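**Q** So the protein sequences, as listed, match chains B and V.
Read in order, the letters of the first sequence correspond to residues 1 to 87 in this note's numbering.
Read in order, the letters of the second sequence correspond to residues 1 to 188 in this note's numbering.
One or more hints might be untrue.
[Stated by the list, open to error] Derived DEER-like restraints, expressed as beta-carbon distance ranges:
| no. | chain 1 | residue 1 | chain 2 | residue 2 | range |
| --- | --- | --- | --- | --- | --- |
| 1 | B | Leu-36 | V | Gly-160 | 52 to 58 Å |
| 2 | V | Glu-151 | B | Ser-72 | 31 to 37 Å |
| 3 | B | Glu-87 | V | Asp-94 | 56 to 62 Å |
| 4 | V | Asn-187 | B | Pro-43 | 16 to 22 Å |
| 5 | B | Lys-57 | V | Gly-160 | 26 to 32 Å |
| 6 | V | Glu-151 | B | Lys-6 | 27 to 33 Å |
| 7 | V | Glu-151 | B | Leu-66 | 17 to 23 Å |
Rather than coming from a laboratory, the hints here were simulated on the basis of the structure.
What you are looking at is a predicted structure, and each value in this text was computed from that prediction instead of being measured.
Using N, Cα and C, we set each Cβ at its ideal position, and we do this for glycine too.
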Amino acid sequence: MFKRLKLTCDEATTICDKNQYGEASIKELIKLNLHLIRCKICPIYTKHNITLTNFYKGYSQSCKKLKHRMSSEEKEILKIALKQNKE
Amino acid sequence: MIKQKHTINTNNWIDNYADYLYNYSISRVSNADLAKDLVQDTFFAGLKSAKNFQGKASERTWLVSILKRKIIDYYRKINSKKGQAEVRMSFYDDGENEGSWLEERVPQSWDNASEKKIENEELKNQLESCIQKLPEKYAIVFRMKTVQEFETEEICKELGITSSNLWVIIHRARTQLRKCMEDNWFNN
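Work out the full structure: start from the sequences and follow the hints.
**A** As structure tokens, then:
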């Protein structure tokens, strides 16, 4: 039974990553927490991962506000290319 | 109820939809030149199949569906090119240590984390530069999931991958990003 709950560090960190998006299942979280009790390295990864999530949340907010536009020159070039393609 | 039938007018495409399609495209591929190429390919493909436009959806929706197809094609192309040469970067992948941390990849303590937390332009540039260093297909998936905050299902549908595929990619991307931030931001 315990074997089924055992995870490698690779598997544990995969669940930890999934959990950063709130998408890990309860079963996965139980396995992860059991792993974190006996592993010395993965708790550090988890801590870093939370910091990264916060960083990327801030980054995401600023990226979403950005509206990318093509320059009018680029649009003109595209218009010509499209016109040639039509003919 | 009579449904409105949409018509097509290729003369106004660039003025009406170029920015929208470009914005859509760049949020997925993040390389400005590539995003522009995809938009151009979309217009060309749209022109070619304009006679098949049935008017069931608006012109913009129809063009976006073509662009989506172009993005999937691009993703598949890079996936098949680089997919084979993939290596696990942070963990032993065989032997008795399989799945354990590789010594040189073990996370180090981030002593100066608190003073480095300040959100500023420099931090944003570092985060972006770490994404740029990822293999392209990891960067696309990571960006869609974390920066654009798309639902897992939506990404899987758009890129034609399974959800377990997606989590493996996210995992590999995040372990590499963590290391990149450790080397370039926290412990430099």
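**Q** Would you say the C-beta atoms of Glu-151 of chain V and Lys-6 of chain B sit inside 27 to 33 Å of each other?
**A** 31 Å, holds
**Q** Mind checking the hinted window 56 to 62 Å against the Cβ distance between Glu-87 of chain B and Asp-94 of chain V?
**A** At roughly 59 Å between Cβ atoms, Asp-94 of chain V and Glu-87 of chain B fall inside 56 to 62 Å, so the hint holds.
**Q** Does the hinted range 52 to 58 Å hold for Leu-36 of chain B and Gly-160 of chain V at CB?
**A** For Gly-160 of chain V against Leu-36 of chain B, whose Cβ atoms are near 34 Å apart, the range 52 to 58 Å is violated.
**Q** Does 17 to 23 Å hold as the CB distance between Glu-151 of chain V and Leu-66 of chain B, or does it fail?
**A** Cβ of Glu-151 of chain V to Cβ of Leu-66 of chain B: about 21 Å, so the range 17 to 23 Å holds.
**Q** Is the distance from the Cβ of Asn-187 of chain V to the Cβ of Pro-43 of chain B consistent with 16 to 22 Å?
**A** Given range 16 to 22 Å: holds, Cβ gap about 18 Å.
**Q** Given the range 26 to 32 Å, decide if the beta-carbon distance of Lys-57 of chain B to Gly-160 of chain V lies inside it.
**A** Holds - the Cβ-Cβ distance for Lys-57 of chain B and Gly-160 of chain V, about 28 Å, lies within 26 to 32 Å.
**Q** Check the following: the C-beta atoms of Glu-151 of chain V and Ser-72 of chain B are separated by a distance inside 31 to 37 Å.
**A** Once the Cβ atoms are compared, 35 Å apart, the range 31 to 37 Å for Ser-72 of chain B and Glu-151 of chain V holds.
In summary, the structure is inconsistent with hint 1 from the numbered list given earlier, while agreeing with all the others.
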